[in-house]
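Here the structure of chain A is known, so what remains is to put chains B and C in place on it, guided by the hints.
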Amino acid sequence: MAVQQTSFQKKTKSRIPYIPGSRPSIKNTQLLVSSGVPSFDCVIGGGIPVGTLVLIEEDKYGTYAKLLVRYFLAEGIACGHSLFVASQDLNCEALVRELPAPVHHDDAAPTSELDDKMTIAWRYQNMREIQSFSSNTSFGHHYDLTKSVDPDILRTIDTCYWTGPIECRQAEGRFKNPAYYDLLCTIQRKIEEGQFGVEASPEKRNMLRIAVHSLGSPLWAEQTHQKSDLPIFLYCLRSLLRSAYAACVLTLPSHLFQETWVIKRCQHLCDTAVRLESFAGSEKETNPVYRDYHGLFHINKLSAINTLMPHVPESFDLAFRLRRKKFSIEKLHLPPELQGTTQREQDELPSVAGVSCGGAGTRNLLDF
Amino acid sequence: MLSNILTRKQPSTLVCIQDSLEQSGLHLLRAFAQHAVDRKESHVHILCYEHPTIKMKTGLRNSSEDHVHFHDCFTDHRGWIDSQEKENIRSDVHTKGNSILSVLQTSPVTSTNDCIIIIDSLTPLIYNIGFTRCYRELHSLLVKSTNGLTVSQVICLIHEDTLPDVHVALPQLCHLATTTVKIGSHTQSSRGNPTASIIHKKQGGKILRQVEYYSIDADNRLKSEILTLVTPTVAGVNEDENQLPEDLTTFKLSLGQQEKEARSQLVLPYLRINSEKGGKVFYQPDAADDWDEEDPDDDLDI
Amino acid sequence: MATSVCSALGIDQENSVGKLIAVEEHHSSNGNFVLNCLIAEQVHKEGSVCLVALHNSFGHYHNVGTKLGYNLHQLQEKGCVESIEVLKLLNESLNAEHENRVGNVLFGDEENTMRNLFHLIKGKTEKLLQKRKLVSLVIDDLSNLLSLGISVKEVLSFLQYCRTLLESQPGLSLVVLTHIAEGDDEQQLLNAGLCHVADVIVTVCGLKTGQSSDVSGSMKVTHRRLDQPMIAHEWNKQNLYHFKLLDRQVKVFAPGTATCLI
Numbered sequence: 001m002a003v004q005q006t007s008f009q010k011k012t013k014s015r016i017p018y019i020p021g022s023r024p025s026i027k028n029t030q031l032l033v034s035s036g037v038p039s040f041d042c043v044i045g046g047g048i049p050v051g052t053l054v055l056i057e058e059d060k061y062g063t064y065a066k067l068l069v070r071y072f073l074a075e076g077i078a079c080g081h082s083l084f085v086a087s088q089d090l091n092c093e094a095l096v097r098e099l100p101a102p103v104h105h106d107d108a109a110p111t112s113e114l115d116d117k118m119t120i121a122w123r124y125q126n127m128r129e130i131q132s133f134s135s136n137t138s139f140g141h142h143y144d145l146t147k148s149v150d151p152d153i154l155r156t157i158d159t160c161y162w163t164g165p166i167e168c169r170q171a172e173g174r175f176k177n178p179a180y181y182d183l184l185c186t187i188q189r190k191i192e193e194g195q196f197g198v199e200a201s202p203e204k205r206n207m208l209r210i211a212v213h214s215l216g217s218p219l220w221a222e223q224t225h226q227k228s229d230l231p232i233f234l235y236c237l238r239s240l241l242r243s244a245y246a247a248c249v250l251t252l253p254s255h256l257f258q259e260t261w262v263i264k265r266c267q268h269l270c271d272t273a274v275r276l277e278s279f280a281g282s283e284k285e286t287n288p289v290y291r292d293y294h295g296l297f298h299i300n301k302l303s304a305i306n307t308l309m310p311h312v313p314e315s316f317d318l319a320f321r322l323r324r325k326k327f328s329i330e331k332l333h334l335p336p337e338l339q340g341t342t343q344r345e346q347d348e349l350p351s352v353a354g355v356s357c358g359g360a361g362t363r364n365l366l367d368f
Numbered sequence: 001m002l003s004n005i006l007t008r009k010q011p012s013t014l015v016c017i018q019d020s021l022e023q024s025g026l027h028l029l030r031a032f033a034q035h036a037v038d039r040k041e042s043h044v045h046i047l048c049y050e051h052p053t054i055k056m057k058t059g060l061r062n063s064s065e066d067h068v069h070f071h072d073c074f075t076d077h078r079g080w081i082d083s084q085e086k087e088n089i090r091s092d093v094h095t096k097g098n099s100i101l102s103v104l105q106t107s108p109v110t111s112t113n114d115c116i117i118i119i120d121s122l123t124p125l126i127y128n129i130g131f132t133r134c135y136r137e138l139h140s141l142l143v144k145s146t147n148g149l150t151v152s153q154v155i156c157l158i159h160e161d162t163l164p165d166v167h168v169a170l171p172q173l174c175h176l177a178t179t180t181v182k183i184g185s186h187t188q189s190s191r192g193n194p195t196a197s198i199i200h201k202k203q204g205g206k207i208l209r210q211v212e213y214y215s216i217d218a219d220n221r222l223k224s225e226i227l228t229l230v231t232p233t234v235a236g237v238n239e240d241e242n243q244l245p246e247d248l249t250t251f252k253l254s255l256g257q258q259e260k261e262a263r264s265q266l267v268l269p270y271l272r273i274n275s276e277k278g279g280k281v282f283y284q285p286d287a288a289d290d291w292d293e294e295d296p297d298d299d300l301d302i
Numbered sequence: 001m002a003t004s005v006c007s008a009l010g011i012d013q014e015n016s017v018g019k020l021i022a023v024e025e026h027h028s029s030n031g032n033f034v035l036n037c038l039i040a041e042q043v044h045k046e047g048s049v050c051l052v053a054l055h056n057s058f059g060h061y062h063n064v065g066t067k068l069g070y071n072l073h074q075l076q077e078k079g080c081v082e083s084i085e086v087l088k089l090l091n092e093s094l095n096a097e098h099e100n101r102v103g104n105v106l107f108g109d110e111e112n113t114m115r116n117l118f119h120l121i122k123g124k125t126e127k128l129l130q131k132r133k134l135v136s137l138v139i140d141d142l143s144n145l146l147s148l149g150i151s152v153k154e155v156l157s158f159l160q161y162c163r164t165l166l167e168s169q170p171g172l173s174l175v176v177l178t179h180i181a182e183g184d185d186e187q188q189l190l191n192a193g194l195c196h197v198a199d200v201i202v203t204v205c206g207l208k209t210g211q212s213s214d215v216s217g218s219m220k221v222t223h224r225r226l227d228q229p230m231i232a233h234e235w236n237k238q239n240l241y242h243f244k245l246l247d248r249q250v251k252v253f254a255p256g257t258a259t260c261l262i
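Protein chains in written order, with the UniProt record's numbering: chain A, 1 to 368; chain B, 1 to 302; chain C, 1 to 262.
Bound conformation, chain A alone (with noise of 0.2 Å):
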């Protein structure tokens, strides 16, 4: 008895389904969505790979967390996908009706801008910012926040939501909490429902984009002393995905939890983890250094689906930058020089030890 496959390794180029917003990689024949950021497609590998789970670990005051599942959502709805909203903290429907609306070719000149600094340094015109994708491919675009999407569009698309446990409902088998329980189930129906199975034979395959905001924020915890259904739920959630045609984003609120077992677990768990660091509200955002961004991303673990070797991105010191229509995530580079003082500071401090000519007690200028 031959055991079915499960997951989308291919034998032949024709057996991966042609499925718009997706792309088979470049390594191996993984399949590859947009998370809706261009940079951020480049910097975790070229996409996010179908039947896997990204852990982003939310920035103290969740903006760019929520940013990056508007993104996500926003790309579902440019490319037709189905769309699944879970969240206990926000209002599911309102966020999808705010969503932004794609950036179009006549708008964009993003690089046009860049074009005119560069006549004397005009060596560095090669040294970009990470961004590999023109708009005029199907796969990642650029999204203007000031326009929300088309209510038509939006009346096209699949969409499910879940903002918390029916009442009645108990947890069942080794979970604790009912919430997780419930979430669980109804993702597993909407699988089911929806036909995205591996198995399932639906006249036209399509994606499902799962977007699980502030998983695990205290709305989801029930009791304390319990130890966390969150690594139970996390592991059924990655066995569903596996054999789905669906890419799932979850937004962890990490800097809440008071056990950093749980947050490890959940990295492990994830195919790929990041951490958004804002500098909102903190001693960096005044640090000069640090002043042409909102913030740093950090890289945990990359996925090493179906492959051998996982992505290695460029650099691993990132930074993130919110314009209104881009969200870029480039490679940390220090401005150039600070302040200009033409005094050096050391003239200005009596020099005390080391090497010095003058006897004691009068000034111990340097003097050449």
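Hints in this document: simulated from the structure, not taken from any laboratory.
Treat each hint with caution, since some may be false.
Unchecked claim - From the derived model, a few chain A residues whose C-beta atoms are all more than 10 Å from chain C:
1. Ser82
2. Asp150
3. Cys168
4. Lys204
5. Gly281
6. Ala319
7. Ser328
8. Pro336
What the hints assert, rightly or not - Derived contacts from chain A toward chain C, CB cut-off under 8 Å, selection only:
9. Leu240
10. Thr260
11. Thr307
12. Pro310
Just so it is clear, CB atoms sit at the ideal spot from N, CA and C, and this is done for glycine as well.
Frame of chain A; chains B and C shown alone:
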């Protein structure tokens, strides 16, 4: 002292050997077992919880003699094999892996008189029946005499890094034990041999403490010597703290002896130690220099 | 391609039959490559493999295997490779009806779950041994059982039962990977319980000083020769290597000798 305990010159009813992943105490346990087997005075029961009996058997000489009994508490310790067809069997009460007493009671009465018991690891037992019950069983082995079972000595091995609640369980076990031997890995003064910190409670109430290093040869014979620590001088201790850890990178960070000597002999180019006045500028004019002896500030009114 | 890892482990010289190789994967590193290389070695020796996949699906191992030179699907069709996909079992238990949930992975009793899994493995290894003399039981990753809500006690009992197979089924060797993170008590206990009974321990960690594009991490191999007498300085000798993961191979080298540095 370790050898005395092994040879029973220093009697000890419960010897508890504590080891960790850094250094295993299995060799020491085997040395104890070998000595008990060689003495031939009483029956020796070897309970194998963590390893198959064949492992202990092959490690000991004369292990097939009549007075040596091996008990397999390793295979099928939860009764899973027999109950394949039956569901929901609560098997933790009756299977052989779960009670020392019931295991020993399967042996003939003649062999359990004044016997020596060797346990290869307490960890599986503690997991299966819980620490409290395990403690109670050990205690009853030493104190009571049930059904003709009298024990003259128990030697057991415990892995301290596998104990749940180790900070509670371990002191309790040491409280019960007559001798506690804590195994450590080799140190500077132990010549590559593992160390043993021994705490022994004598019958009169006196407590003996000793740190020794030991070695065990291929015939399971123990040799131990007292570990004399090289006490560092105060300056030496400071030096240790300032020393860089050498295995942080593959570059050589420290200086060799020759290099240190060369460094101390180096004369810095512009430093001249002038003990009389402090610093002074020494100017040696070249042939091309135009040195004017006049003071340029002569015309000033200072 | 896989030979550099295997020679570092010393298994090309020593016979690994009847032995347990424990792979300790520290957080922030990926020890999967060790398993993939050991499977490659086993296939090369014309042995069979029983893979218990708890962390990834079977397709993942097949895909990596094609890069290292073996085809798991083909071998499975020939009957030389058996697999137990726990992720799939988990999927089935979520779909199962209420009445059938007794022996279920997620909903059944802990002990029953472990017992059923053990029996499943026992059946598969017996079947493989009928065909070929050498069988390698590979478990990836033991600590995921903890993430199913199963207690350390049951997982260790399960491990002990798998070790009994080493005796009852001659020709079998065991390779178990477990993940360990600092601060996670359960994983630490499980790891200690595993390493104490292992014959070879392979510790895979990330570099202490950060991430590098030339070195993927460090690998420490410890041979616990419990059967042999203790020789001063020699017992429990540890060998430290650095490794670099590439698309089709793993390069293993002594620390400080990465090809870019030489």
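Hints versus structure:
Residue-level check passed: Ser82 (chain A) sits 19 Å from the nearest beta carbon of chain C, beyond 10 Å. At roughly 37 Å from the closest C-beta of chain C, the C-beta of Asp150 (chain A) stays outside 10 Å, upholding its exclusion from the interface. With 10 Å as the threshold on Cβ separation, the claim that Cys168 (chain A) sits away from chain C holds: the shortest Cβ distance comes to roughly 16 Å. No Cβ of chain C approaches the Cβ of Lys204 (chain A) within 10 Å, the least distance being about 23 Å, so the stated non-interface status holds.
The Cβ of Gly281 (chain A) lies farther than 10 Å from every Cβ of chain C, with a closest approach of about 27 Å, so its non-interface assignment holds. No beta-carbon of chain C comes within 10 Å of the beta-carbon of Ala319 (chain A); the shortest separation is about 16 Å. For Ser328 (chain A), the shortest C-beta to C-beta distance to chain C comes to about 21 Å, beyond the 10 Å cut-off, and the non-interface label holds. Consistency note on Pro336 (chain A): stated as away from chain C, and its beta-carbon is indeed over 10 Å from all of that chain's, at 26 Å minimum.
At about 6 Å, the closest approach between the beta carbon of Leu240 (chain A) and any beta carbon in chain C falls short of 8 Å, and the interface hint on this residue holds. Residue-level restraint check for Thr260 (chain A) holds (minimum Cβ-Cβ distance to chain C is 5 Å; threshold 8 Å). For Thr307 (chain A), the interface hint holds, the least distance from its beta-carbon to any beta-carbon of chain C being 7 Å, beneath 8 Å. Residue-level restraint check for Pro310 (chain A) holds (minimum Cβ-Cβ distance to chain C is 7 Å; threshold 8 Å).
Taken one by one, the earlier hints all hold for this structure without exception.
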